[in-house]
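J.: Okay, here's what each chain looks like letter by letter:
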Amino acid sequence: MVFKVVETQRDLRTPPKKSEAYLSDLFFVLYLIYLSKTISKINIQKCIVYVLEKLLEKNKLDDIKVFNLSFYRWGYGDYNKCISTDYIPELLRGGLIEEVDGDKNGYTLTAEAGKLFKRYEKENASNEKLLLVQEIIGTYPEDRKGFLFPFGYSHKRKVEYKGKELSIDDLEPDESKATAYNTNPNEIEGFKSNIVSTNYLLALSSLLDGEQSKQEESEEQEERVKKILQEAGIEL
Amino acid sequence: MALSPTLLSDSSFVLLHGNFKNNLANLLCKDYGKQIKPNLEKMLEELNNFSIRLNSVDKTLNAVKDFIKSERLEASKFFPKQYFNNGFEGADDLFFYLKIQDPQGYWIGAIYLFFPHLFLEKSLSDELRCCSFREGFTGGLDVRFCEVFSITYYEPSLS
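Going line by line, the protein sequences match chains B and W. Be aware that the first sequence starts at -15, since it is given in my numbering, and climbs by one per residue. Be aware that the second sequence starts at -12, since it is given in my numbering, and climbs by one per residue.
Bear in mind the hints are in silico, worked out from the structure with no lab data behind them. Every value quoted in this text rests on a predicted model; they were computed, and no experiment measured them. No residue lacks a Cβ here, since even glycine has one placed at the ideal position from N, Cα and C. Hints may contain errors.
Unchecked claim - The calculated label-pair distances, taken between Cβ atoms and stated as ranges, are:
(1) W:Arg40 x B:Glu156: 20 to 28 Å
(2) W:Gln69 x B:Phe135: 27 to 35 Å
(3) B:Asn170 x W:Pro90: 17 to 25 Å
(4) W:Lys17 x B:Thr94: 17 to 25 Å
(5) B:Glu41 x W:Arg59: 37 to 45 Å
The following block holds chain W by itself, in its conformation from the complex (with noise of 0.2 Å):
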């Protein structure tokens, strides 16, 4: 399966991490059985369908903190690695995952994404610094309006 334009790594809207598609690739050699692969593509059509909705607002803060809210986008527990090492507890409710579950509760998985504005406005510079894809970020407008960083599924492996 493709993913929308939208979310191509040199989208200047959305960025996927590199860790992001070394877990995707990680995930698929996983031994979980033959389900594995369609279950992680009705995740990227997930990812697929809210990079959709996302394209549709105002790149402002404030449409930002409105969308979080609309697609009730819960705080994620799990931090960009780089973060989560050095300590930093300042952008703790910033990070955000879409959760995605098979209907009778067999699997479950997430996407971990962050909204690079709203550490702008907290001033969280050294926090977005250590946590975005590049060293680039300067503290100015070089970030992306959205960035996916991580994915995790867990189904249980029953022998």
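The shape of chain B in the complex, shown without the other chains (with noise of 0.2 Å):
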């Protein structure tokens, strides 16, 4: 079984804009670091298409629901630019992620996410649908900084064009058309991850802000706060 491409009326780089959806997206972003240890930028892109494509064979794409981006066919086979401009500038910046010795293409959760997952792990061990995923990722291949295997899996993998097979690199680059996805692509508003709840979610959301709390309390910050809340006319 391989996914038809389908031709949208939109670009595809473009992020859910439902907020639970947007999060979802970062939360499993997070997990493949998580379960990888360290990964690199480019097999990031390249896992998760990898494990939409073994949803699809075992035909538990509409059960499972993980990533809201849809890929398409880009210079180096599938691809969504967002998870670069946009998804790991954001864990980057809520120090949720940082890179491996200085190397913008390798990738490791910080201490503090490392905690949250730990226990989002623990509580799900019997979530049957978790356990799959975790199960496909863990087949994706270990050697996950290097970059042969997603070039030329990417590369070579099959979808349906107008009644034919073909290898990604038989399409055309095109922003617009869907290669692999988890849900319709003209979807723009985006879905909730089913295997993470809304706690998990939100604690997600206080993580990104975590960086901005951690300034010591002082007099100044006091009167600084006070003097925010003022002017937005709140009184505590």
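Bring the two chains, given one by one in their own frames, into a single complex with the hints.
T.: Written out as structure tokens, the structure reads:
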């Protein structure tokens, strides 16, 4: 079973509009990094496509919702630029991931994010949907910092286009044609992942805010806060 | 907007942690566009309404438990920083959150809180000392009925 290429009237690089959908995507990228320990930027892209394809093969794509962005043919097989220009910078800004040895192509979770995912994994130890996703990620080739597998896999992957079975690289690069997706690529609002509960998404949101709260409490800080709240007309 | 007197930080009933105020101020400064202030005000209004309902509860342990049930408060996965950093796990299900979201789902927020009574019942004094606002907690009655320790808000910053 292969993905049917879906022609849309939109730019697939646009992230989902709904907050829980957007947070779901960030959560999934983090989970992938958590399981991989260290993973390159290109492997984050290709591994998500790999997960979606395996879910499709197992006929589970309708039951298991993990990721909103659809992928398209780019210069190097499947891709979605939004992951590199939006999701990863957001996670770096929030102090949830860091570059490995200063290498912008390798990422690992920070200790704080790691703690959240340990709890998540422990609490979901019998969640069948998550276990399946975990198993699929586990079969992605181990050398996740390497470049050869993802390129080879993503170039040769088969899709159906206009009734024919083609490889990704047989298609023209086009950011409006979806080559791998978890739901209807025309959908712009997005969905909440069903392998993560809202309280974890909110915890993720809190951690993204967290860097700002690390400042020590001081009189100066108290004054600053008081002033901002007063200016906003909020009396506490 | 002004919060109800029951939420004032010098109230013996509800305590707003410094971290809650810091985060609120930081969110107000964040560049989410024009909508953030009214949305945060909506969240504070919900907190106000919550505190009014809370105010009518007997200050007993059982009443706290019934209240949590009736409000359908869900357990939070985010904890006060010190608690989180110290690796405690004994009180993981004793932190809660009020979820506030716009009907279309374009933004979502939460106000985090806990009830020290529940810690006392389980003799989790170290955990309580660790996340309580002032370090003066002595294991006695020097705690507030409800403590609000953080707030979060999320809206995709779509360019």
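J.: Looking back at the numbered hints, which does the structure fail to meet, lowest number first?
T.: Numbers 1 and 2, in rising order.
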